Amino acid sequence: MAQTIDTKTVKHVAFLVRLGISEDEAQTFSGQFSSIIDYFNMLNEVDTENVPPASDIANAENVLREDVVKPSMSREEFLKNAPNSERGYVKVPTVLGDE
Amino acid sequence: MELTQLSIREAHELLTTKKISSVELTQAMLDRIHDVDKKVKSYVTVTDDLALEQAKKADERIAKGENVTPLTGIPFSMKDCISTRDVRTTCSSKILENYVPQYNATVTNKLADSGAVLVGKTNMDEFGMGSSCENSAFFNTHNPWDLERVPGGSSGGSAAAMSASLATFTIGEDTGGSVRMPAGFTNVTGIKPTYGRVSRYGLIALVSSFDSIGPMTRDAYDCATVLEAIAGHDPHDSTTYNSPVPNYTKDIDKPVKGMKLGIPKEYFVAGMEAGVEAAMQESIRQFEKLGMEVREVSLPHTKYGLPVYYLLLFAEASANLARMDGTRFGLSVSDGAKDVIDIYLKTRHEGFGDEVKRRIMLGAYALSAGYYDAYYLKAQKVRTLLRRDFETAFSKVDILLAPTCPTTAFKLGEKTSDPLEMYLSDIYVVATNPAGVPALALPAGFSNNMPVGMQLIGKHLEESTLFQVAHAYQQVTDWHKQQPPL
Numbered sequence: 001m002a003q004t005i006d007t008k009t010v011k012h013v014a015f016l017v018r019l020g021i022s023e024d025e026a027q028t029f030s031g032q033f034s035s036i037i038d039y040f041n042m043l044n045e046v047d048t049e050n051v052p053p054a055s056d057i058a059n060a061e062n063v064l065r066e067d068v069v070k071p072s073m074s075r076e077e078f079l080k081n082a083p084n085s086e087r088g089y090v091k092v093p094t095v096l097g098d099e
Numbered sequence: 001m002e003l004t005q006l007s008i009r010e011a012h013e014l015l016t017t018k019k020i021s022s023v024e025l026t027q028a029m030l031d032r033i034h035d036v037d038k039k040v041k042s043y044v045t046v047t048d049d050l051a052l053e054q055a056k057k058a059d060e061r062i063a064k065g066e067n068v069t070p071l072t073g074i075p076f077s078m079k080d081c082i083s084t085r086d087v088r089t090t091c092s093s094k095i096l097e098n099y100v101p102q103y104n105a106t107v108t109n110k111l112a113d114s115g116a117v118l119v120g121k122t123n124m125d126e127f128g129m130g131s132s133c134e135n136s137a138f139f140n141t142h143n144p145w146d147l148e149r150v151p152g153g154s155s156g157g158s159a160a161a162m163s164a165s166l167a168t169f170t171i172g173e174d175t176g177g178s179v180r181m182p183a184g185f186t187n188v189t190g191i192k193p194t195y196g197r198v199s200r201y202g203l204i205a206l207v208s209s210f211d212s213i214g215p216m217t218r219d220a221y222d223c224a225t226v227l228e229a230i231a232g233h234d235p236h237d238s239t240t241y242n243s244p245v246p247n248y249t250k251d252i253d254k255p256v257k258g259m260k261l262g263i264p265k266e267y268f269v270a271g272m273e274a275g276v277e278a279a280m281q282e283s284i285r286q287f288e289k290l291g292m293e294v295r296e297v298s299l300p301h302t303k304y305g306l307p308v309y310y311l312l313l314f315a316e317a318s319a320n321l322a323r324m325d326g327t328r329f330g331l332s333v334s335d336g337a338k339d340v341i342d343i344y345l346k347t348r349h350e351g352f353g354d355e356v357k358r359r360i361m362l363g364a365y366a367l368s369a370g371y372y373d374a375y376y377l378k379a380q381k382v383r384t385l386l387r388r389d390f391e392t393a394f395s396k397v398d399i400l401l402a403p404t405c406p407t408t409a410f411k412l413g414e415k416t417s418d419p420l421e422m423y424l425s426d427i428y429v430v431a432t433n434p435a436g437v438p439a440l441a442l443p444a445g446f447s448n449n450m451p452v453g454m455q456l457i458g459k460h461l462e463e464s465t466l467f468q469v470a471h472a473y474q475q476v477t478d479w480h481k482q483q484p485p486l
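Quick mapping for you: the protein sequence lines, in order, are chains L and X. Counting in my numbering, the first sequence runs from 1 upward without gaps. Counting in my numbering, the second sequence runs from 1 upward without gaps.
Hints in this document: simulated from the structure, not taken from any laboratory. No experiment lies behind these values; they were computed from the predicted model shown. Hints may contain errors.
What the hints assert, rightly or not - Output of the computed footprint for chain X on chain L, the stretches with three or more beta carbons under 8 Å from beta carbons of chain X:
1. 16–26
2. 31–44
3. 67–73
4. 77–84
Unchecked claim - The calculated lysine-lysine pairs, modelled on BS3-like cross-linking and capped at a C-alpha distance of 25 Å, are:
5. X:Lys-39 x X:Lys-411
6. X:Lys-357 x L:Lys-11
7. L:Lys-91 x X:Lys-338
8. X:Lys-94 x L:Lys-91
9. X:Lys-260 x L:Lys-80
10. X:Lys-459 x X:Lys-265
11. L:Lys-8 x X:Lys-357
12. X:Lys-338 x L:Lys-11
Glycine included, every Cβ here is placed at the ideal spot set by N, Cα and C.
Start from the sequences and build out the full structure, keeping to the hints where you can.
Written as structure tokens, this is what we have:
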């Protein structure tokens with residue numbers, strides 16, 4: 001089953017991952033995605049009736065610990081990498097728009 | 001005596017008998033990096049000052065005889081996805097080009113405590129996404145055996161640096177072959193340990209349920225030495241095992257006679273380069289001569305390993321890379337941004353390379369409404385079957401043997417235009433990560449003058465067996481001692 005992923009779908013998933021994308025890029029990715037997804041469709045051959053999905057690989061059990069307050073990175077240290085900050089906070093433009 | 005060619009074991013002997021100092025060894029390594037790495041281009045950052053400072057401290061430790069470990073004073077480098085406080089950590093991405101972590105990864109701390117000397121950070125495919133190191137946003141790394149060829153990926157810088165003797169050991173990271181495949185391309189020994197054996201704290205995540213940090217070295221003995229230093233439980237990573245770390249070098253000389261070696265028939269099919277196949281057959285004969293019992297086994301879901309691996313990678317990576325958003329650290333493109341979403345869109349468009357873009361978009365696609373069951377959930381179910389394949393095989397044999405790649409190193413540019421073609425070069429190495437089992441890559445000969453790698457795959461937490469078998473092989477072969485013609 002050949003499945004095509006059109007540029008509209010590409011632009012939609014680009015927005016889902018908050019990735020700006022040009023028309024040309026959407027064209028290129030559309031072609032590539034179709035062949036990659038087509039290859040992945042081979043999984044349909046496998047009978048997975050009654051097979052549980054893998055949830056962990058280390059046979060791990062829940063790890064619990066006391067919630068103890070300990071010193072952590074200082075605010076000043078943390079903000080060293082922030083592109084923009086003000087009065088001890090990371091600064092970004094409007095989060096909630098006016099429309 | 002060429003200081004840069006020493007193994008960890010040899011260098012340790014010379015350091016502790018005061019025949020050489022760590023400062024001398026480190027300076028020799030830095031000199032070689034500044035000379036030879038102009039051609040190989042394996043380092044993103046060289047930490048000259050820090051290294052010499054650490055080397056001096058190591059010499060003091062050795063002089064006092066206090067707390068000297070097998071790695072004290074030994075120069076090493078690390079893949080640039082492992083956080084180093086005050087040393088730039090880029091993942092070879094534009095988005096982290098100037099990112100300087102405020103904290104160390106647990107592995108970095110453990111190596112610092114052992115007294116090892118960091119000489120630099122090595123190039124990689126951006127965020128670990130690639131099989132040739134050509135997806136680095138900065139530059140291509142060249143295979144020391146033929147500079148027109150790739151070193152493999154994604155730990156291509158670590159592999160090339162090790163192969164070209166630009167570190168006494170290096171640390172790589174393996175999400176789906178990223179230690180083993182480049183080790184095979186460059187004649188290096190390297191291990192992907194059991195998932196959870198080495199802490200991932202401070203490793204910039206690609207696929208949180210696959211990522212495994214592992215050493216790349218001259219031989220199995222050195223590999224065992226380094227793994228012992230970096231493995232163990234970490235309260236900062238709840239997926240690490242609580243069980244004690246074995247003394248991997250203690251039993252490494254034990255004979256392998258009577259052990260059962262499985263050859264997965266699905267790995268030996270059409271498409272393998274003739275020289276690679278011949279090297280595998282010759283290696284199997286070596287193991288027979290060492291008294292191992294060889295038998296064919298089946299891993300029936302092998303061909304589904306690649307789609308399972310990539311689908312789960314896309315999905316987890318799309319979530320993991322969400323943190324690269326241009327607001328708290330890293331590149332931030334805010335010119336003319338009217339709201340915070342604009343910053344995300346612009347920063348990520350400019351900061352990520354094409355392969356990263358492809359993978360996070362495909363991840364969102366596989367996870368999105370209407371496709372979740374068909375792709376993500378289906379892949380997790382087939383992952384259960386892949387894992388059962390290994391369990392069944394390991395009920396019959398102790399260890400499995402396979403090549404690390406169907407071919408030797410390909411040429412730069414040969415596969416960059418077709419992403420799917422590039423993915424196929426991972427066909428032999430990807431299945432172990434969804435299953436979590438350990439696998440060790442080691443040199444197995446040459447085909448058309450390029451190194452051939454083989455991997456030994458073991459049961460969960462049985463790295464000791466892998467080291468033992470690889471060490472036995474390296475006692476009767478000298479492939480691992482061959483040096484590239486630089």
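Which of the numbered hints are not met once you compare them with the structure shown? Hints 3, 9 not satisfied by this model.
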